Amino acid sequence: MSTKHKTGIVAEGIADTKTGVWRAERPVVEKNKCVGCGICVQYCPVGAIEKGKPVKIDYVYCKGCGICVTTCPKEALSMEKENG
Amino acid sequence: MGKKIALDGNAAIAEGVRLSRPRFVAAYPITPQTPIVERVADFIASGELKAKYVATESEHSALTAVVGAAAAGIRSFTATAGAGLALMHEIVGVASGNRFPIVMGISNRALPSPWSLQTDHSDSMAERDMGWIQLYAENCQEALDFVIFGYRLGEIVRLPVMVCIDGFFLSHSVEGVNVPDQGLVDSFLPPYERGENFLDPEYPMTLNQLTSAVMFTEIKYQHKKAMDRALEEFPKVASEFEKTFGRFYSPVEAKDTDGADIVLVTLGSTSGTAKYVARNLRQQGKKIGTLKVTSFRPFPKKQVRETLLRAKTVAVIDRSWGLGSEGPLSLEVKGALYGHPSAPAVFNFVAGLGGRDLHEGTIEKIVSRVPDLGLAGTHQDSPEWIDLQEEKNDE
Amino acid sequence: MMSEMKKNLIAHGLSTCEGCAMEIIARNTLDVLGEKTIVLTPPSCSAILTGYGWETGWKVPGFQSNLENIAAYCTGISEAMKLQGKDDVNVVAFAGDGGTVDIGLQALSAAVERGHRFIYICYDNEAYMNTGIQRSGGTPMGAWTTTTPSGKSEGKKDIVAMLRAQGIPYIATASAGHIPDLREKIRKASRVDGPSYLHVMTPCSTGWRFKAKDTVTVARLAVDTGLWPLFEAVYGKVRITYKPKELKPLKEYLDLQGRFRNITSEQVEKIEEQIRKDLERLSREEDLSK
Chain V
6 MSTKHKTGIV AEGIADTKTG VWRAERPVVE KNKCVGCGIC VQYCPVGAIE KGKPVKIDYV
66 YCKGCGICVT TCPKEALSME KENG
Chain E
67 MGKKIALDGN AAIAEGVRLS RPRFVAAYPI TPQTPIVERV ADFIASGELK AKYVATESEH
127 SALTAVVGAA AAGIRSFTAT AGAGLALMHE IVGVASGNRF PIVMGISNRA LPSPWSLQTD
187 HSDSMAERDM GWIQLYAENC QEALDFVIFG YRLGEIVRLP VMVCIDGFFL SHSVEGVNVP
247 DQGLVDSFLP PYERGENFLD PEYPMTLNQL TSAVMFTEIK YQHKKAMDRA LEEFPKVASE
307 FEKTFGRFYS PVEAKDTDGA DIVLVTLGST SGTAKYVARN LRQQGKKIGT LKVTSFRPFP
367 KKQVRETLLR AKTVAVIDRS WGLGSEGPLS LEVKGALYGH PSAPAVFNFV AGLGGRDLHE
427 GTIEKIVSRV PDLGLAGTHQ DSPEWIDLQE EKNDE
Chain W
11 MMSEMKKNLI AHGLSTCEGC AMEIIARNTL DVLGEKTIVL TPPSCSAILT GYGWETGWKV
71 PGFQSNLENI AAYCTGISEA MKLQGKDDVN VVAFAGDGGT VDIGLQALSA AVERGHRFIY
131 ICYDNEAYMN TGIQRSGGTP MGAWTTTTPS GKSEGKKDIV AMLRAQGIPY IATASAGHIP
191 DLREKIRKAS RVDGPSYLHV MTPCSTGWRF KAKDTVTVAR LAVDTGLWPL FEAVYGKVRI
251 TYKPKELKPL KEYLDLQGRF RNITSEQVEK IEEQIRKDLE RLSREEDLSK
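Protein chains in written order, with our numbering: chain V, 6 to 89; chain E, 67 to 461; chain W, 11 to 300.
Among the clues, some could well be false.
[As the list claims (entries may be wrong)] So the derived label-pair ranges between C-beta atoms look like this: (1) E/K290 / V/E30: 44 to 54 Å; (2) W/P190 / V/N37: 21 to 31 Å; (3) E/K290 / W/E276: 58 to 68 Å; (4) W/N18 / V/N37: 25 to 35 Å; (5) W/R271 / E/E156: 36 to 46 Å.
[As the list claims (entries may be wrong)] In silico DSSO-like cross-links for lysine-lysine, where the CA-CA straight-line distance does not exceed 30 Å: (6) W/K255 / V/K79; (7) W/K69 / V/K56; (8) V/K61 / W/K223; (9) W/K46 / W/K96.
[Stated by the list, open to error] To be clear about the criterion: a stretch of chain E counts as covered by chain W if any three or more of its residues have a C-beta under 8 Å from a C-beta of chain W, and this derived list gives those stretches: (10) 135-146; (11) 276-288.
By construction, these hints were calculated from the structure, which means they are not laboratory data.
Since the model is a prediction, treat every value here as computed from it, not as a measurement.
All C-beta atoms in this analysis are idealised placements derived from N, C-alpha and C, irrespective of residue type, glycine included.
Isolated chain V, as found in the complex:
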């Protein structure tokens, strides 16, 4: 915390909560089913999916909501329980 800014509240730091720790289950990609359409990328609320064939999921931030699974037209994603 700093009062570097002497004129009111000014935020320049970018928020970075590691929301991945919230997960109870995680989405997993089935590589040969993914066609790289990028639909799940647009529907991920935390923007944790990187476009590609197959897509890559950033588990540091993924909250395990499961929306990606429901939007995949090829059923290439499924949910698995988190270990531990």
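Given chain V, work out where chains E and W should sit, using these hints.
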């Protein structure tokens, strides 16, 4: 140098605005300030003032839009009165807490209830602790000058400024006012600089957001320091102002206060009347002095104390209600004198509410009342509503 | 970590609920609009994106408004941008239904009437969600909220019809379940030299009581039952942007959500009647616009 023109207080403020070159004005009509923004709208329409005028749908939105423009890096202005200022209250703290140096003209008008179109200071007094600089004008020259002065001082310490003129008594009364040349004002008031916090895609930052108990006090403390600094900068700005325009302003103006039997402490147009009455009474041999408070916020405690320690008694005239306690000006004066072993007795008089004329008769009545109060002791339980018309009161 | 959202102008680690549709809308909005954007949020769910203390979720300039005046801040900021020759900077208000149809109505209606250039996106989660699910003018009939525990008896305020009546240059409905449609509408809104408004169906698993994974399903059902037709009006000319092949029964949408557990059959009938009327009128308006 300038021209001497017959202007009323509203027009004087509008001229001050024209000369200060704000680029954004947002306002909503309300008696008795409306002529200010009408005149400013005329200046913009004719091109004399290059600015954008937005007629918002309420005062709340007017101050909001002005804060938005200030956040986006532009000098801006608004004006209001009475209930309009009350409606702005939520945003008053946003403007000052974010340290945007906005100037707001206020033609003081009594707050309801009962409803009134006319003056008293209940509107601006309700905002006194919100962290704005508050200047009270005695006459129409000050009305004009304080707008320019306010932008300069406000932009140095990054605080918004209220320029208060008594509704109708100043706003609608015509006096001879020196209107300086634009070039002269430009030499005193430099172009606006946006400060450290602003909205610009080239330098992203998020403003005005949620904080926790961990940081609120420290941020508010910066605000407090700025208010303190405003008192320090005031004489420097005043000195520059005098060199440029030939008129000198001070947070307070003391006249014949040394050794005075009674000093009248006043705000706004009452100051002129008080000085007039004091002069006449001195010609009759009475030792009456006056202390006009120009900067009510930040309150110049030291100067008030130093002046009043040289007087025998003090009569503070509050043009606001002070319900549940006493008049705000009286509280400030007493606060300034507290603890000093030779502090004079201070008596609080409330007068001129809801547009009641605070004339020489009222002030003379105050002067004759003080000795009686003094005989009763130095302590007054409740302010005296000196111009109350007894017959009209059933109690 | 880069996503397909190439510009990635919102931080990843924010404390929104899992499956937050508001966040889906926000990310796609900034992805379309780009860096030359100033975003405003009122105290509401979207304020979570604006952050806390010295941290923010926006990598573009952000500003926290009050609940009732976001459109008035847009007024000042938009005009100030214009005055500084920055006409290409998008000024975006990202507000919920409460801050739009209730307390924010005056400022919004007036800013539209005055014609300032700004994009107003209402993420409609149909209640004051951030303060714990209280009823708003946007709450539909029959829905449970903490302040309508036996279900709201009044219908939903039609803000889109109100703004259309004002002659707003561009207005559209959208859904968190139809992202390409939403993105296209944001693009169109950004090109308007005046006010534009998007009303976006934003299912809230926390407040509507369904599983987070069903967020997009619920959003699509709203559209497929005809409850939330997707259309736009460009200077009054109506175009329906998505026509479901056949309308699904409203029951499918209601049954997924715990908040409608106690909706009465009369209320369902009233809503279905309203859907029929609205779709018929919309279809006629589209024909007239051709």
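How the hints compare with the structure:
1. E/K290 / V/E30: 44 to 54 Å: Holds, at about 51 Å.
2. W/P190 / V/N37: 21 to 31 Å: holds, 26 Å
3. E/K290 / W/E276: 58 to 68 Å: holds, 60 Å
4. W/N18 / V/N37: 25 to 35 Å: holds, 28 Å
5. W/R271 / E/E156: 36 to 46 Å: holds, 38 Å
6. W/K255 / V/K79: holds, 21 Å
7. W/K69 / V/K56: Holds, at roughly 21 Å.
8. V/K61 / W/K223: The hint holds at about 19 Å.
9. W/K46 / W/K96: Distance ~9 Å between W/K46 and W/K96 Cα, so the pair holds.
10. 135-146: Since three or more residues must qualify, the claim that chain W covers the segment 135-146 of chain E holds, with 7 doing so at under 8 Å.
11. 276-288: holds (count 5)
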